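*Asks:* The listed protein sequences correspond, in order, to chains F and U.
Using this note's numbering, you'd call the opening residue of the first sequence number 6 and step up by one each time.
Using this note's numbering, you'd call the opening residue of the second sequence number 1237 and step up by one each time.
Calculated from the structure, these hints are not laboratory results.
Mixed in with the good hints, there may be bad ones.
[Stated by the list, open to error] Ranges between beta-carbon positions, derived for each pair:
id: 1; chain 1: U; residue 1: 1328; chain 2: F; residue 2: 226; range: 56 to 62 Å
id: 2; chain 1: U; residue 1: 1289; chain 2: F; residue 2: 158; range: 24 to 30 Å
id: 3; chain 1: F; residue 1: 154; chain 2: U; residue 2: 1328; range: 41 to 47 Å
id: 4; chain 1: U; residue 1: 1329; chain 2: F; residue 2: 137; range: 21 to 27 Å
id: 5; chain 1: F; residue 1: 138; chain 2: U; residue 2: 1328; range: 50 to 56 Å
id: 6; chain 1: F; residue 1: 135; chain 2: U; residue 2: 1322; range: 54 to 60 Å
id: 7; chain 1: U; residue 1: 1328; chain 2: F; residue 2: 19; range: 37 to 43 Å
id: 8; chain 1: U; residue 1: 1329; chain 2: F; residue 2: 74; range: 25 to 31 Å
id: 9; chain 1: U; residue 1: 1321; chain 2: F; residue 2: 192; range: 29 to 35 Å
id: 10; chain 1: F; residue 1: 231; chain 2: U; residue 2: 1310; range: 44 to 50 Å
id: 11; chain 1: F; residue 1: 26; chain 2: U; residue 2: 1323; range: 32 to 38 Å
id: 12; chain 1: U; residue 1: 1310; chain 2: F; residue 2: 211; range: 50 to 56 Å
id: 13; chain 1: F; residue 1: 194; chain 2: U; residue 2: 1322; range: 23 to 29 Å
Please read these numbers as outputs of a predicted model, since none were measured by experiment.
Here a beta-carbon is modelled for each residue, glycine too, at the ideal position from N, C-alpha and C.
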Amino acid sequence: MIPLALETDILFAICGPLAVAGALGLVLFRKAVYSALSLAFTMLNLAALYVGMDAPMLAAAQIIVYTGAIMMLFLFVLMLVGVDRSDSLVETLKGQRIWAVIGAVGISGLLIAGTGQMVTRALGVRSANGEFGSNVQGLAALIFGKYVFPFELTSALLITAAVGAMILAQNVRLTPKLSQREMSVQRMKAYADSGTHPGALPSSGVVALHNSIAVPALLPDGSIAPDSVSETLHTRGAILDTAELSQATAKNFGLIAAATGTELGNDTNSGGEIE
Amino acid sequence: MNPDFVLWLAAILFGIGAFGLITRRNALVAFMCVELMLNAANLVLVTMSEVHGGLDGQVAALFVMVVAAAEVVVGLSIIVMVYRSRRSVSVDTASLLKR
Chain F
6 MIPLALETDI LFAICGPLAV AGALGLVLFR KAVYSALSLA FTMLNLAALY VGMDAPMLAA
66 AQIIVYTGAI MMLFLFVLML VGVDRSDSLV ETLKGQRIWA VIGAVGISGL LIAGTGQMVT
126 RALGVRSANG EFGSNVQGLA ALIFGKYVFP FELTSALLIT AAVGAMILAQ NVRLTPKLSQ
186 REMSVQRMKA YADSGTHPGA LPSSGVVALH NSIAVPALLP DGSIAPDSVS ETLHTRGAIL
246 DTAELSQATA KNFGLIAAAT GTELGNDTNS GGEIE
Chain U
1237 MNPDFVLWLA AILFGIGAFG LITRRNALVA FMCVELMLNA ANLVLVTMSE VHGGLDGQVA
1297 ALFVMVVAAA EVVVGLSIIV MVYRSRRSVS VDTASLLKR
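The following block holds chain U by itself, in its conformation from the complex (with noise of 0.2 Å):
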């Protein structure tokens, strides 16, 4: 395949998960925009590693796959801390500094 549509799509990828994370007021869907963008990222890494003709972006990828199941756990457990004083996942509520 070639690898310009490739890079082309993690940046489509990338795009729409920005764009999630923006407008999504659900704290665990604005988190799965993240982890789209993480595998957008991901994506590019394993192109490059294919045009370089290397390895090397492949480790990369598995890395931030490492990365993004430990940021998972912390920030999942961070949302269900903050339903539990709240009642509630919205990202708007959590807005006690503004007060």
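Bound conformation, chain F alone (with noise of 0.2 Å):
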């Protein structure tokens, strides 16, 4: 009979259920952020345990490397990738749910049966532990020293890793960027062969009750400067109508003129020219 430490028992029977909840959570959510969050919830559990069975390091190691960093980052590419989609429910394979369902079950019974009852005696890592002072210090010695080569090895991938990630997150570009020089020349050519206006675009319109970027400006016919809205705004078709705006201002012209009986100048007489 294994002899039983109370604590560490109560932790597991704690900490277990928490941890396969935490698991069924990550398989059954419907959304990713929360099947994230769930699987964060069962690494803290882990960790729990890991200080159960007396490895302090790695349980530190579990929630900092593995509940910090890589759920963050999973996190940070969810956010990335948009997060309010969710899975669709249709099958696509036909039976794939159940045999999943029985693979799973196969899976794990098969570890258990085999594992079963194969422990018969643990011995405890105390006395590992305490052999070069504490876990921490047991861990750097065997580190550095049986296990120094793989350390370093390591050490190689995690750079490739890096480099790699690096590489794969650059974009390509396809043509060479202009310089600004090339694209005045550009600009140039286009005047001299299409007479297209080499200089600024005029700025959006202002008129009394808005000066949005939405509003085009008026040229000295009256008519509207297509240039003067973003390109972007066109497609979306989201460009205010100058006539209208300009209502307002040659109604109050018009309350005005009435009021003194008087023409104020000729702008007033079209109205839909003021800006």
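Assembly of the complex is requested from the two constituent chains, each provided in isolation within its own frame, with the hints serving as guidance.
*Replies:* So this is what it looks like as structure tokens:
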């Protein structure tokens, strides 16, 4: 019979089921963010179990590396690709879920049956921890002694991963970037060929009650200057009607004219031209 | 705690992770299920270190963590790249080889 320490049994009775619940949440939640948070919860519970198994160093690494770094990286990418989408429930492969359940239960059952009652006696790592003073010193003695070569290899692995991520994340330009000089040459060429205005585009219109960028500017003859509003707003159809906006001014001018009985200059006659 | 129970817990977590990896179509969630399976393996390593009374298992678990971190970095950047070109993270959309 394995000698049992009471506190760790209680710890396992609490954290074990919670870890399983978190894992189930990861698999069953439709929304990816809930899944990610469930997995973080499972990892925290596993860290608590590590503490119970006299592995404080691993518990700290579990929280810092897994819950802190890896899961937050996951959440970051989730935010990047859009969190509001949830998985569709349609099965693309027929009977996939049933067979997945059977397979998962089979794997778990096989592992449980295989390891089953294999362990008859746990030695505990107390003495191994005490050999060099504490768990951290014991791990350090192993990592920088017996396992120093694999440890160096992991540093190579990490550098390779970092470089690989940088290369993957890089945007490759398909066309060379134009310099200021080339762009100005292009502008002047366009002016010579088709008469396109080489200078800055006209700014948006300013009327009495509106000066947003969605208001087009008016040309001297009262027509709209098409370049004065961004192309994006054109395609979205978010442009305001200038004629309607200038009605307010025209109306006020009309009221003043009616009250004083005089004309306020030639501009008011056609109203719509006033910006 | 009884090491047998911890091993069972690890087996159950591994099974749940395998189930999620097969059924979920969001590449990110499938990837998280792989992480869960790695965690289950870590739990076994730590338990076995406890059973055998040496720290070697814990060192191995630390190495697994390092490898998992490197794997996540590369995997996530691949997912972001696929998302950039396909506007989707569903594993079903990357099916060019099938056509």
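*Asks:* Going through the numbered hints above, which ones does this structure break? Give me the numbers in ascending order.
*Replies:* Numbers 4 and 13, in rising order.
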